[in-house]
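Just so you know, the sequences run in chain order P and U.
Residues in the first sequence are numbered consecutively from 1, following our numbering.
Residues in the second sequence are numbered consecutively from 1, following our numbering.
Bear in mind the hints are in silico, worked out from the structure with no lab data behind them.
A portion of the hints provided could be inaccurate.
Identical copies go unnamed one by one, so any copy, or any two together, can satisfy a pair.
Keeping only pairs whose Cα atoms sit at most 30 Å apart, straight-line, the calculated DSS-like set for lysine-lysine is [claimed, not checked]:
id, residue 1, residue 2
1, Lys102, Lys8
2, Lys129, Lys102
3, Lys8, Lys129
Residues per chain are reported as follows:
There are 2 protein chains.
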Amino acid sequence: MNWQQLWKASEHYAAGSPSIPTAGAPSQHLAIVTCMDARIDPVAVFGLQLGQAHVMRNAGGRVSEDVIRSLAVSQGALGTRAILLMMHTRCGMLGFDPASLKAPRAGAEAMDFLPLVSLEGGLREDLAKLRESPWIHQDTAIAGCIFDVDTGRVIPFQPAN
Amino acid sequence: MNWQQLWKASEHYAAGSPSIPTAGAPSQHLAIVTCMDARIDPVAVFGLQLGQAHVMRNAGGRVSEDVIRSLAVSQGALGTRAILLMMHTRCGMLGFDPASLKAPRAGAEAMDFLPLVSLEGGLREDLAKLRESPWIHQDTAIAGCIFDVDTGRVIPFQPAN
């Protein structure tokens with residue numbers, strides 16, 4: 001990796017006087033949970049600006065314990081009250097075989113990679129986790145959706161049950 | 001939350017024919033780990049484009065187990081070999097008092113919120129975690145930096161030891 005090139009690019013960003021709000025609390029009181037996938041710009045997808053939403057990202061956009069930790073801070077310390085969970089088509093976690101991934105170095109403990117059997121199943125399961133977690137405020141607006149990486153479209157998720 | 005407004009905004013995004021690459025593997029073989037803070041656009045900060053880097057985000061930009069899980073997938077299944085850990089000034093996790101945050105509903109188990117005593121200490125600790133994890137490939141290029149939310153500048157991190 002050419003780190004010098006990245007530092008240089010960041011100087012260009014700062015020199016462009018980006019519009020960074022002063023407040024740390026997201027002005028839309030929104031937290032977006034989504035996948036780490038390189039093809040997703042969750043803020044741009046929803047026409048949002050810097051300062052409007054927290055963004056949590058991990059492999060699959062799964063509601064892990066770390067996401068619950070982050071949402072607890074987001075809600076309890078920074079006042080968000082809406083959560084948008086966005087998974088996406090052609091996700092690497094779809095049908096991911098845990099046995100296919102071995103630790104490259106010795107001494108690794110077993111890990112649950114949280115693979116997805118289906119996007120719908122994953123969304124249903126993780127939306128339920130959000131609704132049931134005692135760390136999430138009862139009055140939180142919660143929604144799910146699927147991002148189509150081929151078209152850039154967002155499909156709101158209507159759980160079957 | 002006005003979800004209809006968000007869905008509408010997403011239609012606008014798709015209609016603009018965003019340049020979304022076909023490949024899921026990040027073309028720069030880079031994974032950026034940073035905070036959920038609404039003031040950070042980690043891709044824009046480094047002049048990157050869609051498709052070039054994975055992005056993991058949580059409260060503080062801490063190297064949690066979920067970040068290790070995501071990096072294991074990022075490296076093992078999608079070929080990234082560089083990790084940039086970016087914390088930031090005026091982070092909500094700096095000096096965060098866990099006792100100040102109570103679960104809003106009954107039945108919550110205790111949680112380690114991973115507060116930061118200092119950005120330098122947090123970076124040192126979490127960079128060490130990355131270097132020591134058996135899930136991270138030995139040949140991974142690893143760097144840390146601090147994003148200044150007041151100026152938009154990135155300060156490369158030089159650990160004292």
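Hint check, failures only: 1
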